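Asks: Here's the letter readout for the chains.
2 protein chains.
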Amino acid sequence: MKAEIIAVGTELLLGQIVNSNAQYLSTQLAELGIHVYFHTVVGDNAGRLRETIQTSQNRSDLVILTGGLGPTRDDITKETVADILGKKQVIDQQALEKIESYFRHRQLPMSSNNRKQAEVIEGSRVFPNDYGMAPGMAVEEENRHYVLLPGPPSELKPMFEQYVRPYLQSLMPDSYTVFSRTLRFFGIGESRLDEKLSDLIQNQSNPTIAPLAKEYEVTIRLTARAASRDEANRMISGIEQEIRNRTGRFIYGQDDESLQQVVVRMLKERGKSVAVAESCTGGMIAEMITSVAGSSQVFPGSIVSYSNGIKQTALHIPEQVIRKYGAVSEQTARLMSENIRGIMDTEYGVSVTGVAGPDRQEEKEVGTVYIGLSNSENTRVFPLKLAGHRHAIRLQAAKYALYYLWQSMKEG
Amino acid sequence: MKAEIIAVGTELLLGQIVNSNAQYLSTQLAELGIHVYFHTVVGDNAGRLRETIQTSQNRSDLVILTGGLGPTRDDITKETVADILGKKQVIDQQALEKIESYFRHRQLPMSSNNRKQAEVIEGSRVFPNDYGMAPGMAVEEENRHYVLLPGPPSELKPMFEQYVRPYLQSLMPDSYTVFSRTLRFFGIGESRLDEKLSDLIQNQSNPTIAPLAKEYEVTIRLTARAASRDEANRMISGIEQEIRNRTGRFIYGQDDESLQQVVVRMLKERGKSVAVAESCTGGMIAEMITSVAGSSQVFPGSIVSYSNGIKQTALHIPEQVIRKYGAVSEQTARLMSENIRGIMDTEYGVSVTGVAGPDRQEEKEVGTVYIGLSNSENTRVFPLKLAGHRHAIRLQAAKYALYYLWQSMKEG
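For the record, the sequence lines run as chains A and B. Okay, so the first sequence: first residue is 6 according to my numbering, each after it adds one. Okay, so the second sequence: first residue is 6 according to my numbering, each after it adds one.
Output of the computed footprint for chain A on chain B, the stretches with three or more beta carbons under 8 Å from beta carbons of chain A:
| # | region |
| --- | --- |
| 1 | 19 to 28 |
| 2 | 99 to 111 |
| 3 | 115 to 122 |
| 4 | 306 to 316 |
Every beta carbon over 12 Å from chain B, so not counted as near; a handful from chain A, in silico:
| # | residue |
| --- | --- |
| 5 | K103 |
| 6 | Y107 |
| 7 | R130 |
| 8 | S159 |
| 9 | T182 |
| 10 | A231 |
| 11 | E247 |
| 12 | E274 |
| 13 | G276 |
| 14 | N380 |
Below, a list of computed lysine-lysine pairs in the DSS-like style, where the Cα atoms sit at most 30 Å apart:
| # | chain 1 | residue 1 | chain 2 | residue 2 |
| --- | --- | --- | --- | --- |
| 15 | A | K369 | B | K103 |
| 16 | B | K103 | A | K201 |
| 17 | B | K369 | A | K277 |
| 18 | B | K273 | A | K369 |
| 19 | A | K162 | B | K219 |
| 20 | B | K390 | B | K201 |
| 21 | B | K201 | B | K415 |
| 22 | B | K219 | B | K273 |
| 23 | A | K121 | A | K93 |
| 24 | B | K162 | A | K219 |
| 25 | A | K390 | B | K162 |
| 26 | A | K103 | A | K121 |
| 27 | A | K390 | B | K103 |
| 28 | B | K329 | B | K369 |
| 29 | B | K219 | A | K219 |
| 30 | A | K219 | A | K201 |
| 31 | A | K162 | A | K7 |
| 32 | A | K219 | B | K103 |
| 33 | A | K369 | B | K277 |
| 34 | A | K415 | A | K390 |
| 35 | B | K219 | B | K415 |
| 36 | A | K273 | B | K369 |
| 37 | B | K162 | B | K273 |
| 38 | A | K121 | A | K92 |
| 39 | A | K329 | A | K390 |
Simulated from the structure, these hints should not be mistaken for laboratory data. What you are looking at is a predicted structure, and each value in this text was computed from that prediction instead of being measured. A virtual CB, placed ideally from N, CA and C, is assigned to each residue, including glycine.
In isolation and in its complexed conformation, chain A is listed as follows (with noise of 0.2 Å):
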């Protein structure tokens, strides 16, 4: 089934608000097995609405307009469509009702406005607001399926949930599923992943394999239609066991597990704890990590030693280690790690120092990062050349020092 999206506000067109209504639909489409080609926005005037309408006759099976269904002479969307199929719109009883007592209720006087939004598109299937005051319908012609709802995510999302779902599944083939599943990855990017996969992306099908770059990460989702849920999952497994094959060190996590939550997740189970010495990321590992609720069971904390200074008083780094080798080096890098694990009493010491620019520094490049992992056993320093900006180094040093405590772990 084709489908397309249709948002209807001229309050989009303007930048006042984001369509999250099309983003949240399409993953309830994807999950259902309907492949969704366009979203269009387009504002509170009837000509272009009926035009955009039009397009998508030529090309969709599924029309799901949002937005348009208020009672002021702005919202078109009902009155469009039924011109444009030659319907009539009646009131709805159940709607009206609603309405009525809600003004009843509160005392107010209730406009012709407000009937008005108990209008419905004759011969459509109403989907109560529970929510709100304007119903949402369906209305089918020529094979062709138009799902109107209203714009504020708050009342549509729990109409999609409730009603919208369960008729569109209605008119989805027996026995077909939709199952995906996303492989996190770090540590490789985006193009280079593509060369290793490119066989596998190119002769795709089902499953259907998707990479996206995203704060230099990389995620895998892997989505496959079956006629049961466990048959899909085969599929995955399937393609997952070839891709992990080739990439498996990359890949740190799958679904919405972030890195900081694989981390802390790991610590828990293995029942140790990390503490952080952190220079150029200033705070960020510290910040990622407390980011996950309970992680406080593994983490007691961290210094931030910005100056050099600090890395002496607080860290204990002695003052001719920085004269010799400089801040930012593999020995200071070193030094702060075991330091750190032994002033907060943790198994792991993580730590970083680096060039986040925009200036050099000890004549060292912008970018220029070391990273130092220490346990009871030994201490390893990691350096980078990172690129881009001051925010980019920073992100990508604090991630490369997450995804070496994981690394460790995993090996360990």
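Model the placement of chain B on the given structure of chain A, informed by the hints.
Replies: Same frame as chain A, but now just chain B:
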């Protein structure tokens, strides 16, 4: 000038990301006086992209395409536009050198995919990408303007600011200037601000007054259209003065200067420094301060004392204070701010201790937060009751800490 925005990317149709670029560009175009009539999202499919662009040619003078400029075979925007316009693609030398230097710097092999990113449509005006690989471009054909921009917002926004806005302004008639100023508020909610300014907001025409709530701050954007920038500036200053008279104590800055940038700038101007002791914010305040380039002049470091043990050993909070009053208490916040100032030898000490949730702690409600602010003259502690989930409470607490420091410097 009639415009539309076409976003290219299957990840949008799958709902993996929201089309925030369309929102951003719409606000920018509205300010330039360019009318946006349609947003479209189309997948990485040459046939459907071609169809979408051809539809736009019948109705728009300016077509902005976002996304699909990356290195993979999914990225087809340039090829499709070039093909429709009957133009070739040529290598942009500046972009190629940048990509080559990136791979040289990181000692990574460069693939032919990456070279493809340096290609532009012949005869186009090239917009350099200061935050990524793929350059943007503008090409004119039959009085119609096509602008191609990269998909990642972190690349698109600075490119728009730096290069695309001036280009679009050059397309507009002379003697028509649009000028904006944004006032930045903290510590006051949008609806209370709306109440205080309701007559101004209701009677606005030119300048326009656009409040926006975001990340627990409110901004008000004042936009004037006039024959000259000076005249627009005068118009804005008049309404700004009235807003400042009513709500000035909540206005910490203007335009793009964030709370942390204002704080770092004021510390520099005064030759002062600050150190931070964080419990529930877990490094967020340090991260915010050090996100500002040059913050090392005013920020030697910080301690995240997430466990009570570290509060005692690293921040020297007496055990009996924690036992008697709790780690989340006025007394602990006071000592944390005083002691971190001593440990780091700074003029200001800032501390945060609180309950970020999800669970109560020491029988204190989620959202209970104490902020300590200490200098050589005195120590003040600000108790807060914050609403929301874990991230909301942490972010608000971090911003309140910076806000109190800002207030103290402004008064002092």
